[in-house]
Amino acid sequence: MLYLSRSDIAAVGGAEAELYVQALRAGLIAHAEGKTVQPLKPYLRVTGKEGHIADRIIAMPAHVGDPGLSGIKWIGSKHDNPIRRGRERASAVIVLNDSESNYPVAVLEGSLISAWRTAGVTCLAAQHLARSGFTDVALVGCGVIGRTQITALLQQFGHIETVHLYDQRPEAAHALAEQISSDHPAVKARVAGAAEDAVRAGDLVVPCTVTSQPYIPFSWLKRGALLCNVSIMDVHKEVFLNADKVVVDDWEQSNREKKIINQLVLEGSFSRERLHAELGEILAGTKPGRTDDDEIILLNPMGMAVEDIACAGAVYERAKNRGIGTWLDLY
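Taken in order, the sequence shown gives residues 1 to 331; the numbers are from UniProt numbering.
What the hints contain is simulated information worked out from the structure, not anything from laboratory work.
Be aware that a few hints might be false.
Said to hold, decoys possible - Derived lysine-lysine pairs resembling DSSO-like cross-links, with alpha carbons at most 27 Å apart:
| no. | residue 1 | residue 2 |
| --- | --- | --- |
| 1 | Lys-258 | Lys-41 |
| 2 | Lys-320 | Lys-35 |
| 3 | Lys-237 | Lys-258 |
| 4 | Lys-320 | Lys-287 |
| 5 | Lys-237 | Lys-259 |
| 6 | Lys-78 | Lys-258 |
Between the sequences and the hints, there should be enough to build the whole structure, so can you do that?
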């Protein structure tokens with residue numbers, strides 16, 4: 001089987017947005033058309049309910065395509081890894097299996113793919129749900145996921161003029177601002193003094209934090225904003241209830257684990273019927289995206305194994321074709 005390290009994945013385009021946007025579009029449409037298999041992902045929390053919300057390991061299995069590939073992402077996270085251990089918060093491996101024999105055919109470093117597929121979903125959402133020609137992006141949380149989000153958006157949307165950055169660690173926001181200014185001199189990178197300051201300025205708002213407590217109220221969002229709720233727990237319940245459209249990647253995955261949607265469903269104030277669409281339905285053309293410049297739209301992307309396996313499959317095929325990676329003996 002083929003082993004692909006992070007550097008191998010980057011060598012075949014796995015550190016750029018376009019590979020993921022293409023693979024995700026196909027994977028999400030297949031999901032909307034019922035052409036995928038995706039069990040609900042289990043969470044392993046060693047410290048139980050007392051632990052931090054970001055301290056867990058998740059098993060994410062899926063099958064994509066016909067005959068396609070099956071696979072699983074095994075992704076671990078500790079919220080204090082950067083400060084206490086000098087490591088990235090999340091780590092992951094992805095195993096791909098041949099669908100005919102169910103034998104493993106590849107093992108891939110998974111955190112690079114995970115970060116970029118998350119950013120790819122935001123890019124696809126922005127194509128269909130953001131106001132046309134949006135100019136201002138607000139990012140709350142300037143860690144690995146946040147940096148990847150901004151990098152992908154700047155690769156995909158040349159009309160972005162200003163990025164508004166906020167992080168509880170100002171040095172992280174300033175470091176990202178310097179990177180943006182270096183890589184994209186025409187883009188203004190502004191460090192905001194507070195999350196509210198950044199969010200109020202954004203046509204596209206992207207929170208990428210590890211918070212367990214909502215802090216973004218509906219009143220912070222300007223008319224026409226798209227909020228891609230990447231880190232899930234950042235927005236107050238009122239945002240779901242007052243947004244003109246709420247979109248998810250998968251309803252069943254979103255309505256669990258006491259996340260905000262699940263809380264609202266249990267309270268009786270939200271339901272599948274109130275949901276506008278799953279993102280794959282919009283990509284497939286069976287549900288409309290943005291239809292008015294003034295709409296406030298909320299995307300709540302839980303993150304799906306279908307996305308990881310679709311992207312890992314695209315990386316695997318490129319690597320095989322280009323002779324990149326290390327072949328390992330199973331026996």
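Results of checking the hints against the structure:
| no. | hint | verdict |
| --- | --- | --- |
| 1 | Lys-258 to Lys-41 | holds, 14 Å |
| 2 | Lys-320 to Lys-35 | holds, 25 Å |
| 3 | Lys-237 to Lys-258 | holds, 12 Å |
| 4 | Lys-320 to Lys-287 | violated, 36 Å |
| 5 | Lys-237 to Lys-259 | holds, 10 Å |
| 6 | Lys-78 to Lys-258 | holds, 19 Å |
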